[in-house]
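J.: Spelled out from the first residue to the last, the chains are:
Protein chains: 4
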Amino acid sequence: MNDLKLLTKIKKPLTIDNITFDNNNLVVIAGPCAIEDYDSLFQMATLLKENGIHFMRAGAYKPRTSPYSFQGLGEQGLKMLANIKEKTKIKIVTEITDISDLPLYLDYVDIIQVGARNMQNFSLLKALGKTNKPILLKRGFGNTIEEWLLAAEYILLGGNQNIIMCERGIKSFETSTRNTLDISSVPIIKQLTALPVIVDPSHAAGRSDLIASLSLAAVAAGANGLLIEVHPNPREALSDKEQALGTNEFLQLNNQLQGLKSYLNANNIHNNF
Amino acid sequence: MNDLKLLTKIKKPLTIDNITFDNNNLVVIAGPCAIEDYDSLFQMATLLKENGIHFMRAGAYKPRTSPYSFQGLGEQGLKMLANIKEKTKIKIVTEITDISDLPLYLDYVDIIQVGARNMQNFSLLKALGKTNKPILLKRGFGNTIEEWLLAAEYILLGGNQNIIMCERGIKSFETSTRNTLDISSVPIIKQLTALPVIVDPSHAAGRSDLIASLSLAAVAAGANGLLIEVHPNPREALSDKEQALGTNEFLQLNNQLQGLKSYLNANNIHNNF
Amino acid sequence: MNDLKLLTKIKKPLTIDNITFDNNNLVVIAGPCAIEDYDSLFQMATLLKENGIHFMRAGAYKPRTSPYSFQGLGEQGLKMLANIKEKTKIKIVTEITDISDLPLYLDYVDIIQVGARNMQNFSLLKALGKTNKPILLKRGFGNTIEEWLLAAEYILLGGNQNIIMCERGIKSFETSTRNTLDISSVPIIKQLTALPVIVDPSHAAGRSDLIASLSLAAVAAGANGLLIEVHPNPREALSDKEQALGTNEFLQLNNQLQGLKSYLNANNIHNNF
Amino acid sequence: MNDLKLLTKIKKPLTIDNITFDNNNLVVIAGPCAIEDYDSLFQMATLLKENGIHFMRAGAYKPRTSPYSFQGLGEQGLKMLANIKEKTKIKIVTEITDISDLPLYLDYVDIIQVGARNMQNFSLLKALGKTNKPILLKRGFGNTIEEWLLAAEYILLGGNQNIIMCERGIKSFETSTRNTLDISSVPIIKQLTALPVIVDPSHAAGRSDLIASLSLAAVAAGANGLLIEVHPNPREALSDKEQALGTNEFLQLNNQLQGLKSYLNANNIHNNF
Chain A
445 MNDLKLLTKI
455 KKPLTIDNIT
465 FDNNNLVVIA
475 GPCAIEDYDS
485 LFQMATLLKE
495 NGIHFMRAGA
505 YKPRTSPYSF
515 QGLGEQGLKM
525 LANIKEKTKI
535 KIVTEITDIS
545 DLPLYLDYVD
555 IIQVGARNMQ
565 NFSLLKALGK
575 TNKPILLKRG
585 FGNTIEEWLL
595 AAEYILLGGN
605 QNIIMCERGI
615 KSFETSTRNT
625 LDISSVPIIK
635 QLTALPVIVD
645 PSHAAGRSDL
655 IASLSLAAVA
665 AGANGLLIEV
675 HPNPREALSD
685 KEQALGTNEF
695 LQLNNQLQGL
705 KSYLNANNIH
715 NNF
Chain B
445 MNDLKLLTKI
455 KKPLTIDNIT
465 FDNNNLVVIA
475 GPCAIEDYDS
485 LFQMATLLKE
495 NGIHFMRAGA
505 YKPRTSPYSF
515 QGLGEQGLKM
525 LANIKEKTKI
535 KIVTEITDIS
545 DLPLYLDYVD
555 IIQVGARNMQ
565 NFSLLKALGK
575 TNKPILLKRG
585 FGNTIEEWLL
595 AAEYILLGGN
605 QNIIMCERGI
615 KSFETSTRNT
625 LDISSVPIIK
635 QLTALPVIVD
645 PSHAAGRSDL
655 IASLSLAAVA
665 AGANGLLIEV
675 HPNPREALSD
685 KEQALGTNEF
695 LQLNNQLQGL
705 KSYLNANNIH
715 NNF
Chain C
445 MNDLKLLTKI
455 KKPLTIDNIT
465 FDNNNLVVIA
475 GPCAIEDYDS
485 LFQMATLLKE
495 NGIHFMRAGA
505 YKPRTSPYSF
515 QGLGEQGLKM
525 LANIKEKTKI
535 KIVTEITDIS
545 DLPLYLDYVD
555 IIQVGARNMQ
565 NFSLLKALGK
575 TNKPILLKRG
585 FGNTIEEWLL
595 AAEYILLGGN
605 QNIIMCERGI
615 KSFETSTRNT
625 LDISSVPIIK
635 QLTALPVIVD
645 PSHAAGRSDL
655 IASLSLAAVA
665 AGANGLLIEV
675 HPNPREALSD
685 KEQALGTNEF
695 LQLNNQLQGL
705 KSYLNANNIH
715 NNF
Chain D
445 MNDLKLLTKI
455 KKPLTIDNIT
465 FDNNNLVVIA
475 GPCAIEDYDS
485 LFQMATLLKE
495 NGIHFMRAGA
505 YKPRTSPYSF
515 QGLGEQGLKM
525 LANIKEKTKI
535 KIVTEITDIS
545 DLPLYLDYVD
555 IIQVGARNMQ
565 NFSLLKALGK
575 TNKPILLKRG
585 FGNTIEEWLL
595 AAEYILLGGN
605 QNIIMCERGI
615 KSFETSTRNT
625 LDISSVPIIK
635 QLTALPVIVD
645 PSHAAGRSDL
655 IASLSLAAVA
665 AGANGLLIEV
675 HPNPREALSD
685 KEQALGTNEF
695 LQLNNQLQGL
705 KSYLNANNIH
715 NNF
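Chains as they are written, first to last, in my numbering: chain A, 445 to 717; chain B, 445 to 717; chain C, 445 to 717; chain D, 445 to 717.
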C-alpha cells in the first residue's frame, strides 16, 4: 500500500456543514434506491429530517445490470431532489453515472455518490477530484481494499479531500446473501486514514431481514455511519424491493444504532479512531 | 435449505454444565493455537479461569497445510489438557483430526472441535453424531452457509444435538486479511435454529490488530460467543503468531465484549434470538 | 512454495501396469458418479474396455453435502467393482471416505481417489502415504494450488510417489457453472513436477453441454488425462444427472480427445512436459 | 438470462473489412500493453503485419489502479497509432477510458476496447451503442457471465451489433495467477450467440510462462481469437512486464495456434459454433 501517499496523511475528519464525520457521531443516510414519485419522497424527507436524519439518498440516474430495468428519472429526478432539499433542508446523496452530468450534481446535491460499478472509472474520479464536493466512494464488488483506497487516492490527488468510503460487500461464492459484507474493511481503513468509513448493509445483504444485525455490527466495528435503503412501502419498490426497510422499522433501528454508538463512546471503545 | 430437517427444529439452547449458550450469555473461548509447553498453558488456564473465562482452547493435534509445519504434541498434548482441566476446572476445547482418536477426546475434553478442513469429513461427522459430546463445528473456508448447516445436520441425524456453529471466515479475492469474515452468517443461522453461533475473528483476520473490532462486530451481530487466540507471548508462538492477542489485551477486550453484550440485552436488542 | 521438497524432485512419470502417465498418452477415466446396479455397470465396463478406455470410475462410498442424499452402496459397491474388474480387466478408480475402509480399497481397487472435501484430511493423506497404491488427489474446491500441492507432499512424505493430481474446479462468484475450472493449474503443476495432472470437467462445469469444450481445452493446456462422468442414461442417474455424458457421446468425445493429443504430440507442442 | 433479447438473436458473424470472426478463422490481436515510443511500435506493427497478424493492440489511455502509475501517452499515443495504421495497414485496437474521447477513437482506431473496469460503465456502453465501430468488450474481473452479456446487450440496444466478447479472467482466492481464466465462458457464450468470443491469457495469468498453454486451451475450447500482450523487450516494459511475450515467442505461438485451429476445423470439432 505504498501508493497511498495522500490518504495516509489525512488527519482531520470530514465536516459537511455542521456535521462532523468523526468518532463522536454516527451519520446515517437513508432513503429509497430510486426516486419514484415526488410526494412519497417529500414525505420521507420530512419524516427523516424530523427524526434527526440529516442525509437522504435516492437515485435519479440508476446504473442497472440489465438495459431493460428501470433506469431512473434522470435530470427530472435530480430536480425533485433539489426541490425537496430546499423545502426540508435535508441533505442529498445521489449517484453520478456520467461525467457530463457533473454540473447538475454540483448545483443540486450535497454528496455525490460513486457507485460500485464506477469505482475504477478513473476519468470520473479525476473529474471529481477537481471539485470540492463531498464524494461517497462505494467499494467495487470485485475490488480489494487496496484498489478501493487507490481510487480514493485519485480523488485526493486532484485536490478534493472530502471523501467518504462506503463498504457495500464483495462478491464471493456464498449465495445466501447478494454480496459478502467485508466488515474487516472498516477497521483496516480506520487504521490508515481519518477519511470516514460507512457501511451499506442493504446492498451487501440484499435481504431486509439482515439489515439490523449488519448495521449494529458495522457500528461496533467502528464505522462512522451507515447507508440504509428505506422505502415507504418496500414491497412495491421499483428496484431492490427485497432489501429495503420500511420507514418505521428504519427509525427504530436508527435509535438502536445511535444508542449503541453512545454506549461505545461512553466506554471509550474505538476512541483511538 | 429443505434438508435442514432437524436443525430447524432445535428450539432449546445448548447447556454445558451450568453454562447456557443463549442470548443472556456471551461465551468466550480463549487460548493458544497449539499447546507448546505445560507451564505456560497451566498459567494461562489459571489466569483465564480467575477472570471468568470458562473455556480454554489449545490444539494437541494440528492440521497444518504443510507437512513440514509443527504438527502438535498429539496424545501427550491431550493429556496435558486433561491434567490442566482437573487442576483448574477450566473446560477444554480442542480439535480432532482423526476418528481413531475419538475415545481419547471423549475422555479428556469438554468440546470437540471439527476444524474448517474437516467440515465435510462426513465419516467424522457421523462418528461424532453417535456421541453426546458437544461439538464445535467450524465453517469450512470454501463452504457456503448451507453446506455448513448440512454438516451440522449430519451430526444431528446421529442423535447429538450439542453443536456450536463457529464462523471463521471464507476465502475471497481480498488479500489484506487471511480470510473474509462472513458476519452475515451469524444472523442467518440465528433465524433458522437455536444452535449457538460463535465467531473466530483470529483465523478470519489473521492479524491481531483487527481482533477487537471484529469481536465487537460479532457480538453486535448477535453471536453467542467468540473463539479468540491468546498467547502468553504472541511473537514467540509456534503457529499463527501474527494473529494471537497477548493475555492482557485479551482480558481487556473480554471486558468490553461482556459490557457490550449486557448493553444489548438491557436494551432488548436481539431479544428475538 | 518452499515446502514442495519431494514433489519438485519427481522426474519419472507414473506407470500403472503398462500404462504410463506421460506426454505420449492421454489417460481417460470414465464412469458414473455412483454405482447404481451391477448390470449397467458391467455393461459400461465392457463397452469402455472394448473402446480402449482402461480405467473406470464409480463411487461406492459417496460424500454427499446433505445426509439425506443417496450415500452410495458402500462395501457392497466395492465388491461389485472388484467383480467387474476381474471379469473385464478394466482398472477401477473409486473414492475413499474413511480411513478404516483402507484395507478394502487396497484389495479391490487400482486407484484410490481422495475427493475434494478430503483434500486436507491429513490423517487420510498420511495413511495413504504409507501404501504404494496410486492415489488420485482431487483439488479441494476451496483450496489454492499451493495447498493442493502440499497435500500431495503429505502423501510423498509417507513414501508413496504414485499420485495423480486432478483439477476439478474451484468456487468463485460465477454462477453459470457449478464451479470454475481453473485451467491454469495444469501448466503450473506441469512446470513443477512430473506428477501427472488430469482434469475433471464434469464436476467443474456441472453441465453436460460444456464437457466437450472443457475436455478439449484441458488436453490443449497439457493435461495428462481426464476424468469424465458417463452414465448409460444420464437423465435417470441417482446423483449428478445434469453433468453426465451418455455413453455414445463420451466415446465420440474420447476419439476427438485422443486425436487432439496425437496432433499436439506430432507437432511437438508441450513436448517439454 | 431472460434479458438477452438482442444478443441471442445475433446469427451472423462479425466482419471487419474482409476479416470474418467465425469458426473458419482464428483472429489474433497482439501488441504491447502501453504505447511507449513510436519506433518500437512501428517495428512491431511491421513485423506483425508481415506475419499475417491483422490487428495490433496498444494502450494510449491506460486505466491504472494507482494514480502514480504510468497513465499512457493519451492523444499523442492515439495519433501514433493512426500514423502506424496508415503506414502499415495494420488494424488498431485500443482502449477508451473517457466518453469525451470518443470522436478521436472513431477517427483513429478500428476496434474500441472497453476495459474490465469499465464493463459496467453504462454511459460509455450507451454512447458506443450509437456508433457502428467494432467494440471489444472485456469481461469485468468481478462480473458474472450474465452481467457481461447484459453489458453487450446495452451496446446492441443502441443499434451497434459489432461486438467482440473478451474473456480475461476473474478474481478468485487463487493467488498463483493474477486472475483466474474462466475458460467455461467461451462455450457458454458460443451456445447463446454468434458474437465472437476471444480470450486474453496475458491479463488472466499475469505470467508469461502460462500464455502458450492458456492460448492453446482457449482455441480448443472454441474461442474465435486471442488478445496477447507482446513486447519487443518484455523485461523493460513500462507496465505488465511479467506477462508479455517477446515477439519471436509470440510468432512461434501464433503458428501453433493457427495450426491447432486448422486441425480442429479439419476434424469438424466445434463445427456447430
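Hint data in this document are derived by calculation from the structure and do not stem from the laboratory.
It is possible that part of the hints are untrue.
Identical copies look the same in the list; a pair holds intra-copy or inter-copy alike.
What the hints assert, rightly or not - Straight line, CA to CA, 20 Å or less: simulated EDC-like cross-link-like pairs of lysine to aspartate or glutamate:
#, residue 1, residue 2
1, Lys449, Glu591
2, Lys493, Asp653
3, Lys455, Asp684
4, Lys570, Glu519
J.: For each hint, tell me whether it holds in the structure or not.
T.: Hint check:
1. Lys449 to Glu591: within (14 Å within a copy, 34 Å between copies)
2. Lys493 to Asp653: Answer is neither; intra-copy 25 Å and inter-copy 38 Å both fail.
3. Lys455 to Asp684: neither (36 Å within a copy, 33 Å between copies)
4. Lys570 to Glu519: So Lys570 and Glu519 pass the 20 Å test across copies only (17 Å; inside, 23 Å).
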